[in-house]
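These are the residues of each chain, in order.
2 protein chains.
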Amino acid sequence: MNFLEERIVKDGVVKEGNVLKVDSFLNHQMDIKLLDQMGAEFKRRFADKPINKILTIEASGIGIACVVAQHFNVPVVFAKKSQSINLDGDMYVAEVESFTHKCINHVIVAQKFLTPEDHVLIIDDFLANGCALQGLIQIVQSSGATVEGIGIAIEKGFQSGGRIIRNLGFQLESLAIVDGMNAETGEIQFRDQSKTELNSVEKAEDEICRSATLD
Amino acid sequence: MNFLEERIVKDGVVKEGNVLKVDSFLNHQMDIKLLDQMGAEFKRRFADKPINKILTIEASGIGIACVVAQHFNVPVVFAKKSQSINLDGDMYVAEVESFTHKCINHVIVAQKFLTPEDHVLIIDDFLANGCALQGLIQIVQSSGATVEGIGIAIEKGFQSGGRIIRNLGFQLESLAIVDGMNAETGEIQFRDQSKTELNSVEKAEDEICRSATLD
Numbered sequence: 002m003n004f005l006e007e008r009i010v011k012d013g014v015v016k017e018g019n020v021l022k023v024d025s026f027l028n029h030q031m032d033i034k035l036l037d038q039m040g041a042e043f044k045r046r047f048a049d050k051p052i053n054k055i056l057t058i059e060a061s062g063i064g065i066a067c068v069v070a071q072h073f074n075v076p077v078v079f080a081k082k083s084q085s086i087n088l089d090g091d092m093y094v095a096e097v098e099s100f101t102h103k104c105i106n107h108v109i110v111a112q113k114f115l116t117p118e119d120h121v122l123i124i125d126d127f128l129a130n131g132c133a134l135q136g137l138i139q140i141v142q143s144s145g146a147t148v149e150g151i152g153i154a155i156e157k158g159f160q161s162g163g164r165i166i167r168n169l170g171f172q173l174e175s176l177a178i179v180d181g182m183n184a185e186t187g188e189i190q191f192r193d194q195s196k197t198e199l200n201s202v203e204k205a206e207d208e209i210c211r212s213a214t215l216d
Numbered sequence: 002m003n004f005l006e007e008r009i010v011k012d013g014v015v016k017e018g019n020v021l022k023v024d025s026f027l028n029h030q031m032d033i034k035l036l037d038q039m040g041a042e043f044k045r046r047f048a049d050k051p052i053n054k055i056l057t058i059e060a061s062g063i064g065i066a067c068v069v070a071q072h073f074n075v076p077v078v079f080a081k082k083s084q085s086i087n088l089d090g091d092m093y094v095a096e097v098e099s100f101t102h103k104c105i106n107h108v109i110v111a112q113k114f115l116t117p118e119d120h121v122l123i124i125d126d127f128l129a130n131g132c133a134l135q136g137l138i139q140i141v142q143s144s145g146a147t148v149e150g151i152g153i154a155i156e157k158g159f160q161s162g163g164r165i166i167r168n169l170g171f172q173l174e175s176l177a178i179v180d181g182m183n184a185e186t187g188e189i190q191f192r193d194q195s196k197t198e199l200n201s202v203e204k205a206e207d208e209i210c211r212s213a214t215l216d
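Going down the list, the protein sequences come from chains A and B.
Under this note's numbering, residues 2 to 216 are what the first sequence spells out, in order.
Under this note's numbering, residues 2 to 216 are what the second sequence spells out, in order.
Isolated chain A, as found in the complex:
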C-alpha cells in the first residue's frame, strides 16, 4: 500500500451505499502534510510533462491543487460551480450532471485564464462517474489549451469515470483506486496499480454523462 492507501485504511470510514468518508484528512479537515506528499507523487508521475497551470474545481479540489502546485511552481485556476449562470461571453461553461444531487450544474472558468499556450494538469480529490472531470476537460479543450494529465486522490474504480477517461487517451493518475468496500466489515479493496489493469469495472453499468460546453 502507498501512503494514501495506508491513510484511507487508518482514517477512512466505509458507509452503506459505497460511500467512503475521508473528511478527517482530505475534504473537510485537510492534512496539509499528506497533501504535500501527494504533490511530490504527482510531480514524479507527470515529471516529463510541460505543465504550466493547474486546473481544479471548487470546493474540496482547491486545497489539494494549491499544495500540489508548489511542486510544479505554477498557478492554480479553480472552476466555479453554479446551478444558475449569467453567460456574459467571457466564460467557458460546461453543463455537468450531478447524479448525487439529481440536477444540472454549470462549471465555469473565465476565458482569460485558459489560452492555447496553456499546458494543464487537472487535479481533483475524487473521481467516480467522472462527469465533473469531463466538464473540466471540455473547458480546457474549448480554450485551445492542452490537457497534459489528470491527477486524482481517490478513484472509485467500481464506477466508470476512470475507464472512460483512460479510454479517451488521457494520462489519468489516481493515487488510490478503490475497487470495493464493505460497510459491515469496514474492509477496503484497492486496485494493485503495479499490475495490468484488472478490468474490474468492465461489468459496471456506465453512467454516461450528458454534458456539453455552452457557447
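Just so you know, not all the hints are guaranteed correct.
Copies of the same chain look alike in the list, so a pair counts if it works inside one copy or between any two.
Heads up, simulated BS3-like pairs for lysine-lysine below, C-alpha to C-alpha not over 30 Å straight-line [said to hold, decoys possible]:
1) LYS34 to LYS113
2) LYS113 to LYS11
3) LYS113 to LYS22
4) LYS44 to LYS16
5) LYS34 to LYS16
6) LYS81 to LYS11
7) LYS22 to LYS11
8) LYS16 to LYS113
9) LYS113 to LYS50
10) LYS82 to LYS22
11) LYS34 to LYS44
12) LYS50 to LYS16
13) LYS44 to LYS103
Simulated from the structure, these hints should not be mistaken for laboratory data.
Assemble chain B onto chain A, guided by the hints.
Quick look at chain B alone, frame taken from chain A:
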C-alpha cells in the same frame, strides 16, 4: 506598500460599486508564490500564538488557508456553505446573511473537527461587512475552542466588518486595507497600518449581521 498592496495596484481592477477584482491572482486564478508570502507574513504576525488549527470557509479561502497552514504546520478545516441544511446534530451551524445575494446562508462545520483544546486561526480572502467571519467566530466559540486570531488578505476598510471585529477584541490582521477606490481613475487608497487607526470607517453605515448559531 507591502507585497500584497503592490500586487493589488499592479493586477487588481476597480469596478463601479466599490468592487475590487483580484481574480487574476487571488480568487479564481491563484498565484501560489503570493499565497506563500502571505503565509510567511501571517506566521510573523501570529508568531506568539499557540495555533494548532486553521479554519476557513469555502471556496476561495481554502487555497490561501492551505498554503498558510504550511507555515504553521497545522491542519485546515473549511466550513461549508449551504442554503439548505439537514441538521443531524453532528454539525455546528451558523446562519449568515449575504448582502450580495440577499439571502441567508448556513455555515457548517462538523463538530468532531473543533474541540475545546483547539486554538484556531481563521483565514479568509476578503473582509467587508464581516457576516461570514462572525459566523465562523460563533462556530469556534460554540465548540469551546479559542479564536487566537484572524488573518485576512484584503479588507474593505470602508465597510464596517473590520471595525466591529476589532472592537470585539480579536487580533484581526489584514494584509491590505482598502479605504477607498475610484473606478474612473483606477486609483486605490490603502490604509497606512503603521499609524494609529484612521477611524475612516466611523461614518460608514453599519451593516449589522443578523446571525445566530443553531442548536
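Here is how each hint holds up against the structure:
In this assembly of identical chains, LYS34 and LYS113 lie within 30 Å of each other by CA distance solely across copies; the values are 20 Å between and 32 Å within a copy. For the identical chains of this complex, LYS113 and LYS11 are inter-copy neighbours only, at 17 Å across copies versus 42 Å inside a copy, given an alpha-carbon limit of 30 Å. Proximity of LYS113 to LYS22 under the C-alpha cut-off of 30 Å is restricted to the inter-copy arrangement: shortest distance 14 Å between copies versus 36 Å within a copy. In this assembly of identical chains, LYS44 and LYS16 lie within 30 Å of each other by CA distance neither inside one copy nor across copies; the values are 32 Å within and 39 Å between.
Within a single copy, LYS34 and LYS16 get their C-alpha atoms as close as 26 Å, which meets the 30 Å cut-off; across copies the closest is 39 Å, which misses it. Taking the shortest Cα distances, LYS81 and LYS11 sit within 30 Å of each other only across copies (25 Å), while inside one copy they are farther apart (32 Å). Taking CA atoms no more than 30 Å apart as the test, LYS22 paired with LYS11 passes inside one copy only; the shortest distance there is 12 Å, against 43 Å between copies. With identical chains, the CA atoms of LYS16 and LYS113 are at most 30 Å apart between copies only, with a shortest distance of 17 Å across copies and 42 Å within one.
In this assembly of identical chains, LYS113 and LYS50 lie within 30 Å of each other by CA distance solely inside one copy; the values are 23 Å within and 40 Å between copies. Taking the closest pair of Cα atoms, LYS82 and LYS22 come within 30 Å of each other both inside a single copy (22 Å) and across two copies (19 Å). In the homo-oligomer, the alpha carbons of LYS34 and LYS44 lie at most 30 Å apart both inside one protomer (15 Å) and across protomers (17 Å), since each shortest distance falls under that limit. When the C-alpha separation of LYS50 and LYS16 is checked against a cutoff of 30 Å, the pair qualifies neither within a copy, at 37 Å, nor between copies, at 38 Å.
Neither within a single protomer nor between protomers do LYS44 and LYS103 lie at most 30 Å apart by alpha-carbon distance, with minima of 35 Å and 43 Å respectively.
Comparing the model with each numbered hint stated earlier shows that hints 4, 12 and 13 do not hold.
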